[in-house]
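Chemist: Residue numbers (this note's numbering), protein chains in the order written: chain W, 198 to 510; chain H, 42 to 287.
A couple of the hints might just be wrong.
To be verified - Now the stretches of chain H that chain W is said to cover, found in silico as 3 or more residues with beta-carbon under 8 Å:
hint, stretch
1, 231 to 238
2, 257 to 270
What the hints assert, rightly or not - Here's a subset of chain W near chain H, in silico, CB distances under 8 Å, partners left out:
hint, residue
3, Gly337
4, Gly364
5, Pro454
6, Phe502
Bear in mind the hints are in silico, worked out from the structure with no lab data behind them.
Note that this is a predicted model, so its numbers are computed, not measured.
Backbone N, C-alpha and C fix where the C-beta goes; we use that ideal spot for every residue, glycine too.
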Amino acid sequence: MSASAGAPVRLRGLHKRFGDTVALDDVTFDVAPGELYGLVGPDGGGKTTLFRVLTTLLLPDAGSATVLGRDVRTDLWEIRARVGYMPGRFSLYPDLSVEENLAFFASVFGTSITAGYELIAPIYRQIEPFKTRRAGQLSGGMKQKLALSCALVHRPELLLLDEPTTGVDAVSRREFWDLLHDLQASGLTIVVSTPYMDEADRCDRVALMQKGRVLATDTPRAIGAAFPRALFAVRGAPRHATIEALRAYPHLASVQPFGDTLHFSDRRAEVPPADVMREVEAWLQGRGIREVAVAPITPGIEDAFMALMGDAP
Amino acid sequence: MNAIMVRELTRRFGRFTAVDAISVDVAAGEVFGFLGANGAGKTTAIKMLIGLLAPSSGSARVAGYDVLTQSDAVRRNIGYMSQRFSLYDDLSTRENISLYGGIYGLRDAEIRTRGDELLQHLGMEPIADALVGTLPLGWKQKLAFSVALLHRPAVVFLDEPTGGVDPVTRRQFWEMIYAAAARGTTVFVTTHYMDEAEYCDRLSIMVDGRIAAMGTPAALKAEFGVASIDEVFVRLARPATAAAGG
Numbered sequence: 198m199s200a201s202a203g204a205p206v207r208l209r210g211l212h213k214r215f216g217d218t219v220a221l222d223d224v225t226f227d228v229a230p231g232e233l234y235g236l237v238g239p240d241g242g243g244k245t246t247l248f249r250v251l252t253t254l255l256l257p258d259a260g261s262a263t264v265l266g267r268d269v270r271t272d273l274w275e276i277r278a279r280v281g282y283m284p285g286r287f288s289l290y291p292d293l294s295v296e297e298n299l300a301f302f303a304s305v306f307g308t309s310i311t312a313g314y315e316l317i318a319p320i321y322r323q324i325e326p327f328k329t330r331r332a333g334q335l336s337g338g339m340k341q342k343l344a345l346s347c348a349l350v351h352r353p354e355l356l357l358l359d360e361p362t363t364g365v366d367a368v369s370r371r372e373f374w375d376l377l378h379d380l381q382a383s384g385l386t387i388v389v390s391t392p393y394m395d396e397a398d399r400c401d402r403v404a405l406m407q408k409g410r411v412l413a414t415d416t417p418r419a420i421g422a423a424f425p426r427a428l429f430a431v432r433g434a435p436r437h438a439t440i441e442a443l444r445a446y447p448h449l450a451s452v453q454p455f456g457d458t459l460h461f462s463d464r465r466a467e468v469p470p471a472d473v474m475r476e477v478e479a480w481l482q483g484r485g486i487r488e489v490a491v492a493p494i495t496p497g498i499e500d501a502f503m504a505l506m507g508d509a510p
Numbered sequence: 042m043n044a045i046m047v048r049e050l051t052r053r054f055g056r057f058t059a060v061d062a063i064s065v066d067v068a069a070g071e072v073f074g075f076l077g078a079n080g081a082g083k084t085t086a087i088k089m090l091i092g093l094l095a096p097s098s099g100s101a102r103v104a105g106y107d108v109l110t111q112s113d114a115v116r117r118n119i120g121y122m123s124q125r126f127s128l129y130d131d132l133s134t135r136e137n138i139s140l141y142g143g144i145y146g147l148r149d150a151e152i153r154t155r156g157d158e159l160l161q162h163l164g165m166e167p168i169a170d171a172l173v174g175t176l177p178l179g180w181k182q183k184l185a186f187s188v189a190l191l192h193r194p195a196v197v198f199l200d201e202p203t204g205g206v207d208p209v210t211r212r213q214f215w216e217m218i219y220a221a222a223a224r225g226t227t228v229f230v231t232t233h234y235m236d237e238a239e240y241c242d243r244l245s246i247m248v249d250g251r252i253a254a255m256g257t258p259a260a261l262k263a264e265f266g267v268a269s270i271d272e273v274f275v276r277l278a279r280p281a282t283a284a285a286g287g
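So here's chain H without its partners, still in its complex pose (with noise of 0.2 Å):
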């Protein structure tokens, strides 16, 4: 069963169609990137697909459930971190892992034996005890990474998870990403680093609503006969900004 089936799935705001009838499926244990222009409906889909946002018309199942009379079932069995939104600054690095480990519903003894596990992988032990304020922007984001998966969620959703962050640490972040996907979890991310496009099985780029294009980055150069994801990011979405008025 894949990990994330979508059917028509639409969402319209008054007149606006934010999501027009997209349809996506992803396998357990694929890195699959969500691309589009801003604007082009990335947010409204996810948020649909973690269950924050009804649809309109359509369906998804997201980790087997359904999002629209399912969504505190899907919401338990998937991860999020979002550049925006992960951790909280003015709590320590082992405090945010029992508040997000309690918010998961992880028993007390859980909480303890997968926070040291964690803290070990990340060779963060020293400064478990930190507030997470106070620590570089690369390591929050692994550690934002490594507590949405506290839980061992079937798929994570990473919105925009590397921004800002220097390249090395950017390399680093993917590796965390590759060895999640081996173990099976799902992964669904958004970028607007191109070079990490090519790193995804699978993608889709979003315009206006839409699902424009979707394949493995190698049929899509091919598809676009162009030698980069960029170029075929360009080829898609320069139209409809140049028609949007930017």
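The following block holds chain W by itself, in its conformation from the complex (with noise of 0.2 Å):
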């Protein structure tokens, strides 16, 4: 281990504001040696300043960031020379070849494609039959493993990760996520935002970020348990009827649609699920929705995050 033995990550009360807006609002947390962290929440959050200040581009109104044990105001040049980042905007030069941008990055950090080559081996190796094409030219995939491929070329000791799956379909995102897991594996720390909650769960640990704030750090399953009711996963047909006639029950405290089914809670802490849910189904039979199906569910991310965003200020 070197001088950055220790939290990788280490975010204390750090502020920052663009005018009116702010951006970070007393973000605290700590990432782990080897750990995968996920920055999850929708555009607005903060993700993008944040890694913009550990990546020592802006720097915080206050409180304190530590990157590899090193203060992102003072230590600029080591971080920026031991850490590798992927931003969530096309990243590489558009003229120039996939190999042409691959030796770029190597050179600007002081090494060559050869000596690199070990780590970025799984992903390059994918892209390398495309090693004269012009970065512009690509299909979204194919970009992607490219810039991942120049962020991790100098051996960094800490990957960071802006949104690389945003706007990606469904099969590239889980092959994509398989990556990081294999990268993870070889040893490295690596911070990921995404907008998509579903991708929480493939994180060691997250952080949920609405408006600049951190509503919640944990494993996500610590994340979904904390959520303070118990759920229901009910379904009813015709389906915007169900919705209407949930919406309508009288200890109703949430129902939002979830692919097929609608997730409910019950304001009602003290009554039994056995009973809410006997109760629920004789209200929606009771004005008239057919197929109805009531069952107690465990409750995700996206339910966590949808309760939290009722409780911010």
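Got two chains here, separate frames each, mind docking them using the hints?
Modeler: So, in structure tokens, the structure goes:
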């Protein structure tokens, strides 16, 4: 272990404001060595601002941030040399070939493609057959793999990925996460942001972010388990009438569509789940809803996120 | 008559067939999900349906007009909204409404009346004069959808309308989609959120330029013997992406 023994990322009370917009509001968390850590939340959550602070491209207004044991305010050159960063927007030179892009990033960091080849090989081999093609003419999936190769070519100790899967189809997203798990297995610490709540489950721990604030930090399972009420999956036909009927239910706490079901919770903590299920079934049937089915379910990240959004000021 | 009728629609670029003889019917008032992996041909197909790209062969009628010979009429009778392009950030909400109303040939009085209704319905009257660039993404997307419906088109095309939007706003957006469909508007929507695919009346999944599966979400899940559209999607798209090297 190098001088960075301890948390690769350590944030304490980080604040950043752009004019009237609060981009980061009291952000505090640690990322452990070798962890795959997710920043999960919608656009405007502060994820990109946080990456820009971690990469020393932006100074925080208040609070402290250390990356690999170094202060982002004073040790920017060392941090930049030891961190790999893949920004959200396409970050390559479209007029350079695949190989030229990679060689350029290697030379900026004083290394070569050959020296860094072992780490990037599993990813770069997939685009190597097209190494003479201009980066601007690659497909979306190939651009993503090249950008990741460029972020890894100098063998960083910490990999920062800003929304690598945004706008990417569900299958390619799964494959990208498989790739991140392979990289993590090689010992790399990874911080990755995503607006897709379902991807939180692919991380060891996550910070849920909304409007610059961290709503919660924990393992995905623990965040789901912190959902404040018993949760039920409700089905009924017609679907929209079922939503309307649940909204009129006198003890309603929340109802949200989830795929082909509705997630429903009851305000009364003291009523046993079995009784809630019977009452809700009777309520829906009494309103002419057909094919009613109510079953208890385990809350997930998206349930927890919406509950926390409701609590946020 | 169906709002969208597509017959053997094909588009080739040189030797590459981006869209390969697809056929789809979408009924008036239907919410139709148009899914597929990146590079499967969705964008090319949509460009043909909105009259921006001529088919190599086959035909399509949208809102009753032929996309090749009556593309102007097609464009006047559809709404279009995408995640990337929707409104002008440096114009106010009201100015955006006026601009789009004008482009779609509404009279000044119509623009005023419908614009006021729209602002009231969205609860955006107090910020009607704020620059759109200063609004939160969720509001922008709801406004963009309403503006795309301002000229009361028969069909509205939504290209990844909810990307990056928070989970509560995403669901409010789908309520707006249902409300538009209930008024008879046909909705043709693409998304990468597989839970949203379940909200569609019917959907198709494109693989390598062809429609590999089409039906109600329930029928597709039954056909593939799986519990979610996500799994249907993976079954269909995985072999294709593996063959194409990602």
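Chemist: Given W:Phe502 was flagged as interface, is its beta-carbon under 8 Å from a beta-carbon of chain H?
Modeler: holds (6 Å)
Chemist: Should the hint that W:Gly337 touches chain H count as held when the rule is a Cβ pair under 8 Å?
Modeler: holds (5 Å)
Chemist: Taking the least C-beta to C-beta distance, is W:Gly364 closer than 8 Å to chain H?
Modeler: With a closest approach of 6 Å, the W:Gly364 hint holds.
Chemist: Checking C-beta pairs, does the stretch 231 to 238 of chain H have three or more residues closer than 8 Å to chain W?
Modeler: With 4 residues closer than 8 Å to chain W, the stretch 231 to 238 of chain H meets the three-residue bar; holds.
Chemist: Report holds or violated for the interface hint on W:Pro454, using the least CB-CB distance to chain H and a cut-off of 8 Å.
Modeler: holds (6 Å)
Chemist: Against chain W, does the stretch 257 to 270 of chain H show at least 3 residues with beta-carbon separation below 8 Å?
Modeler: Answer holds; 4 residues pass the 8 Å Cβ test.
The earlier numbered hints are all upheld by this structure, with none contradicted.
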